[in-house]
Structures are given as C-alpha cells and as structure tokens.
Amino acid sequence: QKEVEQDPGPLSVPEGAIVSLNCTYSNSAFQYFMWYRQYSRKGPELLMYTYSSGNKEDGRFTAQVDKSSKYISLFIRDSQPSDSATYLCAMSDGSEKLVFGKGTKLTVNP
Amino acid sequence: SAVISQKPSRDICQRGTSLTIQCQVDSQVTMMFWYRQQPGQSLTLIATANQGSEATYESGFVIDKFPISRPNLTFSTLTVSNMSPEDSSIYLCSVTTGASTDTQYFGPGTRLTVL
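From first to last, the protein sequence lines stand for chains A and B.
Throughout the first sequence, residue numbering follows the numbering used here, covering 1 to 110 in sequence.
Throughout the second sequence, residue numbering follows the numbering used here, covering 1 to 115 in sequence.
Just chain A, with the same shape it has in the complex (with noise of 0.2 Å):
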C-alpha cells in the first residue's frame, strides 16, 4: 500500500461546478497537510497549508483534514477555468520531507 494514494483523474467539470479532490494515506503520523497546484510546465504552486484534523476556508478553495479516517479533501466552489491544472496532495510528519500524490488533473471547461 502506497502511503499517499490520490486518483489520478482526469477530471472534467463545467465551469461553476463544486469540485471535490481527496487523497487517502496510511501513515498516521502525518500532522501537516498540504495542497499543491501545478500549471501545464510550470512548478507546483502551495495552495493550502493545514494543519492536524479541521477545515481552512481560503476564498473559493476549503481543505479538509480527517485524521482518524485518514482522508484528505480540497474543495473549489464556483469552478473557473482558470482553475485547470493538476492538483497534488502532499504531507508530513513533522520532518522535512513531504510525502506526494501523483496529483489528480482537472480540466474545467467554459
């Protein structure tokens, strides 16, 4: 079992949907969430930052932690097109060495 299992998509949704991405993992002791962008030939971008169990609300994008189910989720309201990218999943134990997703391609279409 992989320890970050996230699917692969792609996904394609119309341009105003809610689009809900979620990552699985085993290792219980990551503590620190995180939620990476990455443009078509460009580096991945932080998108959000969280911290233990709990949800954090920036403008249009949610992430939420579940810690005893171990399930990760980001949320995007009101989809734009400009929201078409791979969306990476990454976490930590504390330590300085991220663990990733393969990332899950979204594709929102005007």
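Do not rely on the hints blindly, as some may be mistaken.
[Stated by the list, open to error] Interface residues of chain B toward chain A, partial, derived using beta-carbon atoms under 7 Å:
(1) M31
(2) L43
(3) L92
(4) G109
[To be verified] Capping the alpha-carbon separation at 27 Å, the derived lysine-lysine pairs in DSSO-like fashion look like this:
(5) K97/A to K7/B
(6) K42/A to K7/B
(7) K56/A to K7/B
(8) K102/A to K67/A
(9) K70/A to K102/A
(10) K2/A to K65/B
(11) K7/B to K102/A
(12) K105/A to K2/A
(13) K102/A to K65/B
(14) K42/A to K65/B
The set of hints was computed from the structure by calculation and includes no laboratory data.
All residues carry an ideal CB built from backbone N, CA and C; glycine is no exception.
Given chain A, work out where chain B should sit, using these hints.
Relative to chain A, chain B alone:
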C-alpha cells in the same frame, strides 16, 4: 515566499552524458531540496542539499549518480550523471524559508529528455 529560478528550463541530452541543473533563490533560505517528477508518478525527493556539507540522499538515490552542491544559502546545483533514457523527467528544486519547515516552495522545473 521566495522567487526560485532554474536553469536550464529544458534540455535534450545524449545517453552517457551529464547535465548540471542550477537553482537560484532571491533570498537566503534554510533548506533546499531536489525532486524528480516522472510522468504518471508522484513527486519524489532525491536529496536535501545541505549548505557546506554533503547532501542527504533518499533511498534509491546515490551521490555518484546525482551529485549535489550548495555553496551558499541561495544557490544549489544538481548533476544528473551518465544519463540514460530512464532519467528523462522533470527535476525541481524547492526551498523552505524558515517560517515552517513544512512549507516548501518550488521552482519552475527543468524538463530533461535523454535520447
């Protein structure tokens, strides 16, 4: 955050040759890392570049294949040695700024194709 640049942005190389990738940051950072991103695979940490000392390599990566330098707090290089087609990948450097050891910022990447 930090502004990170990488050179070259892309290259096509012949089997058996070596390529050195540069990572430059616009401010002093605490830690610098090198990752590999292969198609359909997770971002994988190659090594942590330590300023003034040898890099710390992850399992499966060795210094002879991926020598790394970090002469100061804003610059690092990764060399991919004796390349084979299996080394075709995107190579990314990342940094932490000291605000949190887990907040990493990435450079734009170097897209390497080995023929």
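Holds or violated: K105/A with K2/A, Cα cutoff 27 Å?
-> holds (19 Å)
Verify the proposed pairing of K7/B with K102/A, using a straight-line Cα cut of 27 Å.
-> Holds: K7/B and K102/A sit about 25 Å apart, inside 27 Å.
Assess, step by step, whether the Cα of K56/A is no farther than 27 Å from the Cα of K7/B, and give holds or violated.
-> violated (35 Å)
CA of K2/A to CA of K65/B, is that 27 Å or under?
-> holds (26 Å)
Does the nearest C-beta of chain A fall within a distance shorter than 7 Å of the C-beta of L92/B?
-> Holds: closest Cβ of chain A sits about 6 Å from L92/B, inside 7 Å.
Hey, K70/A versus K102/A, does the alpha-carbon distance stay inside 27 Å?
-> holds (17 Å)
Given hint K7/B paired with K97/A - CA-CA distance at most 27 Å = Judged against 27 Å, a Cα distance of about 24 Å means the pair holds.
Between K42/A and K65/B, does the CA-CA distance stay at or below 27 Å?
-> Status holds; Cα separation ~25 Å.
Given pair status - K67/A, K102/A, alpha carbons within 27 Å | With Cα atoms ~20 Å apart, K102/A and K67/A stay inside 27 Å; holds.
Against chain A, run the beta carbon of G109/B and see if the smallest gap drops under 7 Å.
-> With Cβ-Cβ at 5 Å, under 7 Å, it holds.
Do the alpha carbons of K102/A and K65/B lie within 27 Å of each other, as the hint requires?
-> holds (24 Å)
Should the interface hint for M31/B be scored as holding, given a Cβ-Cβ cut-off of 7 Å against chain A?
-> holds (6 Å)
Hint compliance for this structure: hint 7 alone is broken.
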